[in-house]
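Q: This is what each chain is made of:
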Amino acid sequence: MRARVLILLILGTQLPFLFQAFHIDDRIYLRVAENILEKPLYPYDFRISFEGMGAPDTASHSHLPLVSYYLALLKWVTNSEAEWVYHLSFLGFPFMAAWGFHDLARRYVRFPLAASCLLVTAPGFLVASHTVMTDVPFWSLWIVSLSRFLRVRDGTATGWDWLIWGLSLLGTCFISVLGGGLMLLMLVCLFLRESGAPQISRGKMLLVLASPLLLWGFWYLRAFLHYDRFLLLNTAIHALGRDIYSGSIMGEKALSLLLNLGGTVLFPVALWYGLAGRVGGRVLAVLFLLSFVPFYLWWEDWTWSQAFLFSLFLSSGVAVFWRFLSGFGTELLFKRDWRWLPIWLWFFGGCLACLLMYYSGSVRYSTLVAGPVILLWIASLEKRVKGAYLLRNLVWLGVVLTSVYSLTVAHADYRFARSYQQAAQEIAQDYGHEGKTLWFTAEWGFRHYLEREGAKILEKTEVGPEAGDILVKPVLASPWVTLYDSDEYLDLLEQRTARMNTPWRLLDPSSHAGFYSTGWGILPVSITGGGRWEWFNIFRVKKPYDGPVPEPATHW
Amino acid sequence: MTVPSPSLQPTGEQPRPAPDRFAVLFLGLGVLVLHLVWLALDEQPQVWDMAHHQIRGWESLQALAAGRLPEDVSSLSSYYPPLYYLQEMVVLSLWPNRDALVFLSNLPGLVMLFGGVWWLASRCLSPGTAPWAALLSLCFPLVAWTSRFSLLDVALGGWVMLALCLVVKSRRLERKGYSLLLGLVIAAGLLTKWTFILFLVFPLVWALVHSRDRKRYLLNLVDAGLVAAPLVFWWYLPNARNLVERFTLTMQAAGWEQDPGLESLLGWLYYPRSLASYYLFLPLTVLFVLGLFLKSGRNQDRTPDASLIRWTFWGGLLLLTLLEAKDPRYVLPLAGPLAILILQPWDRRQWIVRLAASVALLQFLAVSFPLPLVSGKLALFQVRDDGDYRGAGREWVLFASSYFDVAGPPRRENWRHREILEQIPEGAAVGFVPDLAHFHLLALRLQALESGRELGVIRLGHSARSLEQLERVQVVIGKTGHQGISYLTASNPAVYERLEQNGWQVSRRWSLPDGTEALLWLPPGPPEAVANGPSNAGRSLSTISPIREEPPRS
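Chains A and B are the protein sequences, given in the same order.
Take the first sequence: its letter number 338 is residue 338 in my numbering, and every next letter is one higher.
Counting from 1 along the second sequence, just add 556 to a position and that's the residue number in my numbering.
Source of the hints: derived by calculation from the structure; they are not laboratory data.
In this text, a Cβ means the ideal position worked out from N, Cα and C, and glycines have one as well.
Please note: incorrect hints may appear among the correct ones.
[Unchecked claim] Computed list of chain A residues with no C-beta within reach of chain B, every gap over 12 Å:
hint, residue
1, Phe191
2, Arg242
3, Pro503
4, Tyr545
[What the hints assert, rightly or not] Heads up, incomplete: computed chain B residues facing chain A, CB under 10 Å, no partners named:
hint, residue
5, Leu736
6, Lys771
7, Val800
8, Arg802
Next comes chain A alone, as it looks inside the complex:
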């Protein structure tokens, strides 16, 4: 019965989005996968062109290639480029996450099924699970690995648990170096345990824990020999070039983290009734009301509904953070109860990573800590609500509210992705048959589908378009300025508006929405104020570029 509920919920929230267009950075992992089919041992050995700048190889890309290997395998097996093939193949990850989280949640709460349901329907998780990016595979392997680790640590593990733990830990670390955080967490939990816990063989566990280090050592040494540089150094240079530790960016990331915690893990109102007691509820209400004030004193271009979302998310996020801090203080520091240590480390470590490891805020980053937030929410409800009937209903009400909310957000993301697919196809159809080259300056799914239609990317310092060629520039999808961007070289033919039939926005400066990056807005999701969203400027090239050509712009 329990498994059936979970399976139905996952299928119900995944299958309607099976045909979702490739979106945001899906394209990058698909491109790496293509290269893997050509050079299986060197997945990143191809020239990168990103945001109008190039580099001779893609090796210093921030992620390790496990997901791309998986995509390459799918492509090799199916020889298909259809979206549904990949989305269907990625369906295993939500199941994996739900399975692992159920096992994990049993240790902490009386409603592990509800906890799993909440995880797979958390807005951040649900939206990410409709992509082929690394996020959901990473979280899923993380959760499975942690759940098996705790079994091993507690001496209740079977041989399968050892195997699953080791493989999932390796998998996590072969998707992202952030897997090192999981290793650290496990290391701390291995040595800090409650008194009276069963004795275990730490040596064997340390061996498993060290295995990712061997993998990384091998990977980066091999890359060093091949590319003649330490790859992560260039990654760091790229990140530091964006001034990621400046006060304003750290502040932006911290604010974004709080908003994401409040707005993209559970339905915010559920967070209120789950986390806030008599005093906390009032503090939240006061904070909620006070959060409106800046919009009327200083920030002018926010609509009432956007200000409302900001206030709701912020107060809810503060509640989450405060409960973790106070719980950490009372349970661990005063009562010396180590049971929740893995969850606290997971939460605080994840938050720290959001602040230190990225150059912007994003729901994709903060959803790493969705698991701890869900466990805390249910545990908090269990502590406060004594009546079993009311408790069960409140927990499941949270599941229902969160599911409805998440599906709304996921639908907006579906429409968002689809709008680029449609636009690319229509523009190619209207302008691609004139015997002239179709150029573009864009990223995300728009780039993927334009390239699929035979269009060419025009980099910042590239000279290529001839008279009569067409250049397409979106406003939102990471455009850049090229040598041709002046009236001397371009004639504006048309402005075409992207179609969107929902008021919800995930990435839109005019709505302050920045689900994927705070570069576009601080809110994780927002409601449009009626401002222009995405549109495409379509130009005809008047003449070939005849000015001075600067040095090519590169990422490092």
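The hints should help you fit chain B onto chain A, whose structure is shown.
A: Here is chain B on its own, set in the frame of chain A:
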């Protein structure tokens, strides 16, 4: 069985018999009736702020009639909150008459003040004294004068008294229901005037200090705030930016008006002096000061409610003193606590209580109607030829039957607004030069609204820049002789000079009550050109940028 509190049963003194209560109730009603009589007898145009507040009431009525009141509430007024205007709107929708408007709009405030003082006084004074305190609060001269104008202060005083009563009734916010009710009253007070909060800070701090269950107090206070906040935010948030800007302006105005600052003794004495000068006059001031001395130290009434009233009074005075902008009527919400504090020391000497009430009643009559032998003004440090009302910040008034030329006994004065309005063609943009208490642009605009007309009118002469604004108007209203407050009318002579230079002609003249003449100036050219809209440089009204209304004074 309820044990009566000691303060309700003073030793050696039996509770006063009921007839006292009826007598005071009757006298209180009499005060209200006298206000009505005064309003019926007085024919002066509304003074600056009073006209402004009435205009807002009319505009609220227009918004209601147009069915756009809910969305317009936050924009009806950008400086003063809208509750008083909504009260005016209700009155105007029922009875569109100026006297009824003033009386009925102030009536809730007066009733709350009277009832609140009575109830609160009955907690710390004997039953024989408490009603007299209530009567006293209505009879203070400035309370009496203000009650006959469209000003926010009486309503504010009423809300403050009600809030104090609820602080007490809620047992210092231990009772949830009364605390939530307090939230509603806080909202009403803040939606009347933001200074409301100044009068509640000290009582709430006092209640916190003396609370038996501080956690419950804080929770209930937050609940009250949560009840109030959405209502208050409805108006304050959309106007927040403007309020901050205008607050700065008002503080600057304190400089122009030469309000004494905190660096001078006058600044610290401003409100005690104002209370003595415009609320008490000499006899009651002496009684109050004597009472303070007699009941200071160990003799002080230490019952909780008496303590609350003292904190409210002295705390409110302190916070008002810290504000740069000052005006005697700002302190009106402390009239209630003041009335109780005056009578408290004499609670066991009923003859003094009755004497004080009689003096107050006599003063009330003297400042309301022309009585023989008691008219005029007796003041220390009196400012002579005080056209700029600077005396309000300096004089120590011992007695005065009027408050400058703004308030006092009723007068039948015709300042000609109706006749002037009849001469102004429909749609003409009007420039108004003088700025006297009863002859100013807002009074003309109010007259127009009352006549069912929309009139675009701007002030000329408030600065040198107003000469440029001459091009925007087709009719100018001027006046001979005294023009008004000197620093606000410094450029008036230049305006008149420019009118003559540009060939404007005085079309009509009317004699005014101050012995001067009102003048209606028209631009050169045939009069029908003005009637048809503007001949002035061939510009039509639609091309003239929107006529801004003169902002109200502080």
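Q: Run every hint past the structure and note whether it holds.
A: Hint check results:
1. Phe191: holds (41 Å)
2. Arg242: holds (33 Å)
3. Pro503: Given a closest Cβ separation of 21 Å, the condition holds.
4. Tyr545: holds (48 Å)
5. Leu736: With Cβ-Cβ at 13 Å, over 10 Å, it is violated.
6. Lys771: holds (8 Å)
7. Val800: holds (7 Å)
8. Arg802: violated (13 Å)
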